[in-house]
Structures are given as C-alpha cells and as structure tokens.
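Residue numbers (full-length UniProt numbering), protein chains in the order written: chain A, 1 to 374; chain B, 1 to 454.
In case anyone wonders, no lab produced these hints; they're calculated from the structure.
Be careful, since some hints might not be right.
Claimed, not checked - In silico SDA-like cross-links for lysine to any residue, where the CA-CA straight-line distance does not exceed 25 Å:
{"#": "1", "chain 1": "B", "residue 1": "K347", "chain 2": "A", "residue 2": "R148"}
{"#": "2", "chain 1": "A", "residue 1": "K223", "chain 2": "A", "residue 2": "G97"}
{"#": "3", "chain 1": "B", "residue 1": "K344", "chain 2": "A", "residue 2": "G303"}
{"#": "4", "chain 1": "B", "residue 1": "K247", "chain 2": "A", "residue 2": "G303"}
{"#": "5", "chain 1": "B", "residue 1": "K347", "chain 2": "A", "residue 2": "S307"}
{"#": "6", "chain 1": "B", "residue 1": "K344", "chain 2": "A", "residue 2": "K223"}
{"#": "7", "chain 1": "B", "residue 1": "K347", "chain 2": "A", "residue 2": "L299"}
{"#": "8", "chain 1": "B", "residue 1": "K347", "chain 2": "B", "residue 2": "G430"}
{"#": "9", "chain 1": "B", "residue 1": "K344", "chain 2": "A", "residue 2": "V308"}
{"#": "10", "chain 1": "B", "residue 1": "K347", "chain 2": "A", "residue 2": "V301"}
{"#": "11", "chain 1": "B", "residue 1": "K347", "chain 2": "B", "residue 2": "S306"}
{"#": "12", "chain 1": "B", "residue 1": "K344", "chain 2": "B", "residue 2": "T175"}
{"#": "13", "chain 1": "B", "residue 1": "K344", "chain 2": "A", "residue 2": "S307"}
{"#": "14", "chain 1": "B", "residue 1": "K247", "chain 2": "A", "residue 2": "I140"}
{"#": "15", "chain 1": "B", "residue 1": "K247", "chain 2": "B", "residue 2": "A197"}
{"#": "16", "chain 1": "B", "residue 1": "K347", "chain 2": "A", "residue 2": "V306"}
{"#": "17", "chain 1": "B", "residue 1": "K247", "chain 2": "A", "residue 2": "P99"}
{"#": "18", "chain 1": "B", "residue 1": "K344", "chain 2": "A", "residue 2": "V301"}
{"#": "19", "chain 1": "B", "residue 1": "K347", "chain 2": "A", "residue 2": "L132"}
{"#": "20", "chain 1": "A", "residue 1": "K223", "chain 2": "A", "residue 2": "G298"}
{"#": "21", "chain 1": "B", "residue 1": "K247", "chain 2": "A", "residue 2": "L139"}
{"#": "22", "chain 1": "B", "residue 1": "K247", "chain 2": "A", "residue 2": "V151"}
What the hints assert, rightly or not - Okay, the calculated bits of chain A under chain B, using three or more residues with CB under 8 Å as the criterion:
{"#": "23", "segment": "188 to 201"}
{"#": "24", "segment": "308 to 314"}
Every residue gets a Cβ at the ideal spot worked out from N, C-alpha and C, and that includes glycine.
Each chain, written out:
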Amino acid sequence: MSDTLTSKLNPLSLPLRQQLGLLALALLGLTPFWMGFLYAGDQGLLHIRTITIAMFIGMFAMSWDSVSGYTGQISFGHAVFFAIGGYGSALLNLGWGVPPVAAVALGTVLAAVAGLLIGVPALRLEGPYLSLVTLVAPLILLQIFIFRSDVFGGELGISNPDPLVSTSGFAQETYVFFYVAFALFVAILAVLLAVTRSDAGSVLTAIREDEDAVAASGLNPAKFKTFAFVLSASVGGLAGAVFVHTPMASPTPSQLLAQTVSIEVIIAAVLGGMGTIVGAALGGMFLSVFRSQLSNVGLTVPGLDVSVGDLDLVIFAVVTLIILFALPGGVLRWGLVAGRKLIGADSAAADGGRTPVEQTLEKFREFFRGGRDD
Amino acid sequence: MVNEGSQNNDGRCSGNEPEGDRNIVSDVRANADRRTFLKGTGAVGLAASAGCLGGSSSGDAPSGTFTVGVLTSHTGTENPIGNSIARSAELAAEELNADGGVLGNDVEVSVKTTNEQPQRGKTKYEELTVSEDVDFTTGVFTSEVLLNIMDSIASQQKVHMTAGAATPEASTMLTEDYEQYKYWFRTGPVNAHFLGANMVDFAEANFSDMGWDSVYVLTEDYTWTEPVDEVLRNQLADAGVEVAGMKRYAGETSDFSTIYDQVEASGADAAFVAMAHSGSTAIVQYAKQQRPFAFGGIHVPMQLPSYWSLVNGACAYGITQNTATPESEITEKTVPYAEAYNEKVGKYPVYTGYIAYDAVKQYAAAAESADSRNPDDIVSELESSSFTGTAGTLRYYGQDEEYPHDIVYDETGENGVNPLWLQWKPNEDGDGGSQTAIYPDNLASGSYESPPWV
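Chain A with its partners taken away, still in its complex shape (with noise of 0.2 Å):
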C-alpha cells in the first residue's frame, strides 16, 4: 500500500502528462522570480498582480467544472456562490469584526448552504431545469442586494474587507496575496481532482453520459448530483470569499455576481476542457490574462473609432468562438490528444469520442424534444 503512495506521489512515476502539469504548476509558482528576469521594475509586479487575478478566475471555472462539467448539469449562475461567499465574509469581517481567516471560512459554509438551498430541489428535477433555476438565482440575489442597499451596497457593492494577511507596500503585498492565491489554487486543484478522479467522479461522469444507466445500476444520480453540487458552492465560495479579502478585487456585483461573470466561467471552462479541472483551471487563467492583455492594445480598430483595448470583451468572445468551433473538447484534450499522436501513444476514446459538450448538448436536446426517440 505505502508503496502504491510513494510512487504516486513520485513525479518520476507519474505519466508524461502529469510530469508536464506539474512543472507547468512549478513554474506558475515561481511567477514572481521569473517575472523578474523578463520585466524591469514595477512592470513586473503589475503582471504578478494579472496572474493573482487569473488564478481566482481559475479557482472559479474550476469550481462550476466540478458539477457541471461532469454531470452535465450546466449552472448558468455559479457567480451566486462566489457573491455569497465574498459577500459574506466581507460582511461579517467589517460589519461584525469576525477576523478574515474566520470570515472566510463562514463565508464559504454560507456558500455551501446556498448550494443545498437551490441544488437539492433543483437537481432532482431532470432536464435543463438546474440551468433555469440557477439563470434565475443571481438576478433574485442582485435584486436583494439593490433592494437592501444600506446593506448590501446595490450596484456599488460594499468597501473592502481586512486584507487576509497584513503586508507594507505594494511589492509586500503584491508578493504575498500571489502565493496566498496561489496556495488556495493548488488546494482547490488538489481537492477537485482528488475528487473526480475517484468513484464518485466516475459516477458523474457516467451521469453526464447517460443518468438513466446510472439510476439502474442502483446508484441515486440525485445524491451524487447534490454532493457535486454542494462541494462545488463550497469551492466558488471559498474562493470568492477570499479573493474579497486581497487588494485586488472588491465585493461588488460586476465583481461576484453579474451575469457575465457566471457565463465567463462557463466560457473559461469549456475553453479549456469541459469536465477536466485542470482545463478549467487553464481557461480561466487564459481568459483573464487575454483580456488584460488586450487591453494594453493601443491599436484603433479600423472604421470604428474605437481602440483594440476597449473592445477586450469583444475580441475575445470572437477568439473564443474561434477556438470552441475549431476545438469542442477543450484546448486542454486537443493537446493531449496532440501531444499522444507526437509521442505515438495515440488510443481511441472510449465514449466514442463524443465531448462532455457534445454529451451536454444531447441532453439538452433530448429535454426539448419531449424525451429520447428510443
């Protein structure tokens, strides 16, 4: 048994595409020594506060993979659970002056009891009624926080919480809130796919691809659904309550909870791999990056008046449009399935080669179409 874990954990041991992602996760840790050899100056500080940001998409994409990219259940209002973790910490940090470490954690149960709240009766329910309800969830929410405005601050959201660790000066702060994302990111990748990668992430992928299977080999599809759910709310709360408490970000609604906040994640994580976490992870990474990139572009869109930097939203849906039409599965199963063919250790899909999107999709379908034809 000892000798099965200590040739698990021996990255030598490990398969070529997790050597790989383990340097790519070393590398991301030393971001900020790297950094420094490329950018002169405070330049580089800047863009380890990008990558800061980047990671927190990361962690969010990350967290509605782990339901909707496996079960197939598509959550269009994840930014809840991150409003109601962030929300909730800064909260009850400033108006109750619970210590941040503390908020945080309250914060994230707060989440994972909303997940319960709106994923119990939602997910025993079949079809795409999980994606109403959830559509629904950050718009009543919003309107709460409008409606309660002394409270909740409305579209203006509330002022910052205490810094989760105290630093001095920017390049302090800049370096610690880095490895302080960039430890809960390697938790929540840790946890996630620990998770996934065993039996009961068998089960929801076999959810995905076909529930009725599941419920007749004897399994609640219902339970597993909920547990995916929950952990997945306690993930994005987790994440979104912390990210609250680092100088870069604020409990606002165009932070946490506006719409397209909820629909970047899903385009982040079906960007990267749709039920794969780690693709997630890079989707969302990629997509914040990209379009703080792209909004350093100086260059004058011609005919429009308009410059490249202020269109950042906009080119990158179209890029993004691009990379899903051209790459279904995800950038993340395209380079491996690319990176087998190169090594010659090419071998066939077992599902037949259909994507989590495309399994998704046929769901949907069915749902619309008044049931399966068979």
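Dock chain B against the given chain A, drawing on the hints supplied.
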C-alpha cells in the same frame, strides 16, 4: 452636469449611495483603520526573498516630465462623456506646455480606459501610478470604479481629482479616515446630495415664474437618484412647491405612457425628473404624446450639445441641469475652453470635459504655488486654494465639514460651483434647436418658455 449615466456589465447603472443615515456599508468603512495596526506582521520574509523586483515609489515626489494619469470610461468619439475627459486633459496639457510647462517641466498625459468595469479600473489605476509613476490622476466616470480605487489611491498616496463620479460615499470615507484617504478630491460634479439640493434651489427661485406650482417627481430607479430623491422629498415642499406625486420607475422602462397618465391625472404642471439611461426614451415619448405638462430636471442626455439632432428635436422645451454650455460665460475661462475643445475635437464637450480640464489646470496651479510636486504639499495647497476654473470657483470642503474634499456647492457661484440650467429651444429659422441658459440669472441668455402644447 450631473451624475454618471453609465452602464455596467450587468446592464445596470452605476450610481451613488444616499448620504443620509449611515448604513452598514458606511459603518464598516470605519473598520478600515484596523488594518493599519496589523501592518508589518505578515510574510515579510517571503516578500524580501522574492524581492528581486523593485517596490513602488509611493509617496515619493516624481521628477522630470510632469505626468497626468487619466482614467476615462471609453475614448471613442461616439462616447462623449469619456472622450471629453481624455481630450480635455490633453488640451489642458497642451496649453500648459505652451505656457512653459509645470515647474519648468513638460506636461504629458497618459490615458487609460476603464470600460466602466471596477476591476479593470483598478488595474489601470495601478498601471498609471505604479508602472508609469504619474504625478497625479484625474477622471473616473462611474462611482463603482471610483469606490474600487479609493484604497489604491490611499495606498499609492498620489493626488486624485475625480471628474465624473458623484457618489457621496467617497467623501464619507475621508470623514472616517482622513489621513488615509486625504489624497482624494472631487473636482466635479457636485456630489449626488448637492445635485438634489440644486434642484430645490432652482425650484425655489424659478418655479413660480415658470408656472410650475405643482410638480410630479419622476426618478429612475438607480442608486445615484437615491440622494436626489431624499433631498426632494425632504425639501421641495419647504420651497413652496406642491408635490403632486413622486415615483421611482424601473430604469429599464420602455413605455412611459402609464407613468405619464399618472402625471397627467395628478394635475401637475410639470414632470420634475432625474434621468440618465432612460432619459432619451422618456423625452421622445413625451414629445410624441405632447402631454399637457412641462418636462425637466436632471436629464443627462439633454446635456449633450448635439442632442437635438440625435432625437430629431424631441427635446424641444425640455430643461436640464448642466455644468456649462459652450456659450455660457460662467468664468472668463469657460467659453475659450469650449471653443478650444471644439477646434481640437470637432465637437463641443460635455460636463466631464469642463471638470477634467479644470482638474489638470488646478493641480498644475497648486504645484506651482507650492513650488513642489510632493503629494502632501499639493494636498495642503488644494485644501486652501480657491481656483477659477471653467465650471466656476473651485474650492473644496475641509476635513471637518460634512463632505471633505468634495467640490463646494455654492448657490451664488462666488465661493464654489453652481450648476446652470438650460432649455432646448427651436431655432427661429426652424432649423434645429439650441441650448439656452435660463438660470442662474447672471448667466441666462434667455428665459424659460412653456411648451406650446401645454
């Protein structure tokens, strides 16, 4: 003038918080100073070990070229609010350079767009202050972006002079922690509380002559109108105006017929409004239906000098509050600035342009007067200065007043700024229309005319 008629990602408006009873949002800001005692207790070694990058130069007085950092919403020519901020700051810099620069240094302007997104606004603010090490910053159109960079302003300790966002929350932060936030000033517009106060002052001075004895208050349901609503609710009746009704309507309203039915049924002489996003829909439908009541108040779209052609004259006889019109001689600088801007851009500026231009010029004057580029020296200088800008006399409320570092609102216009009111009137030759200043009296180029169908 007025608030930020802006649209956020989620399709809603950035607005302003009520300045009245302090709520949890405000109360919690008092906790911000708890951070200070924690400083220095965490992860110093980590930062030191990773200290291959230089730290920021926060608090140090820059040297060499005098650089102005501008945060604007969008800069496309079709976005007059953002474009006015950017081009006006550049115009001010050009004029300063032609006059020998500031403290013997050339002036440069660096413009960054926020796209009205708080996260992006913060990143761009850091690029300006950390990477580019600008002397000071101005602009910021939306309140949401402004509040998101307040902590960064405190951290970077560089003077910021807001030109656009109207939330009173920003000055409230100074009330609670002056030392931390003292680098923030609002050059304009007057904050959302005073936007309402100015409506009351206008009503008191003019309504009886205008025949507006009774008004129906219509405000769009965005946060920025909350302080306006509160002031109107509490003070309009005291000004001798009969309030026939008050309604906050959904900002997404596309059919005003029912609302206008209510105004009509109330017998009000006029709809007294506060509108930004929904303003064009409201005025076009009002004009088409030729309702038997007059229309005006704070109507952001009507402030645009080119608005008549944009709505095919639907704004005829409407009135709105504004910072200035291109022809209004608020000070000796107003018209020359508007003409210079028109020459540079090919259009006249909107209210944010006057304010951004004033901010750059006032900051430069303060640096010259203090003979220093040190932010603390500039803060002291600005606090005590009285500067003649294009929008009026620029003075700031003091540390112990209700809205520290907010531009002083003064109904006389002698010791602060006083918004002017204009009416859109058809040209005599029947070709188009123009903005006619109607109040205050010393700036009025005409008097109010009731719509012919009323």
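Taking the hints in turn, this is what the structure says about them:
no.: 1; hint: K347(B) to R148(A); in the structure: violated (41 Å)
no.: 2; hint: K223(A) to G97(A); in the structure: violated (37 Å)
no.: 3; hint: K344(B) to G303(A); in the structure: holds (20 Å)
no.: 4; hint: K247(B) to G303(A); in the structure: violated (42 Å)
no.: 5; hint: K347(B) to S307(A); in the structure: holds (20 Å)
no.: 6; hint: K344(B) to K223(A); in the structure: violated (67 Å)
no.: 7; hint: K347(B) to L299(A); in the structure: holds (23 Å)
no.: 8; hint: K347(B) to G430(B); in the structure: holds (22 Å)
no.: 9; hint: K344(B) to V308(A); in the structure: holds (23 Å)
no.: 10; hint: K347(B) to V301(A); in the structure: holds (21 Å)
no.: 11; hint: K347(B) to S306(B); in the structure: holds (8 Å)
no.: 12; hint: K344(B) to T175(B); in the structure: violated (40 Å)
no.: 13; hint: K344(B) to S307(A); in the structure: holds (19 Å)
no.: 14; hint: K247(B) to I140(A); in the structure: holds (23 Å)
no.: 15; hint: K247(B) to A197(B); in the structure: holds (18 Å)
no.: 16; hint: K347(B) to V306(A); in the structure: holds (17 Å)
no.: 17; hint: K247(B) to P99(A); in the structure: violated (42 Å)
no.: 18; hint: K344(B) to V301(A); in the structure: holds (21 Å)
no.: 19; hint: K347(B) to L132(A); in the structure: violated (47 Å)
no.: 20; hint: K223(A) to G298(A); in the structure: violated (51 Å)
no.: 21; hint: K247(B) to L139(A); in the structure: holds (23 Å)
no.: 22; hint: K247(B) to V151(A); in the structure: holds (23 Å)
no.: 23; hint: 188 to 201; in the structure: violated (count 0)
no.: 24; hint: 308 to 314; in the structure: holds (count 4)
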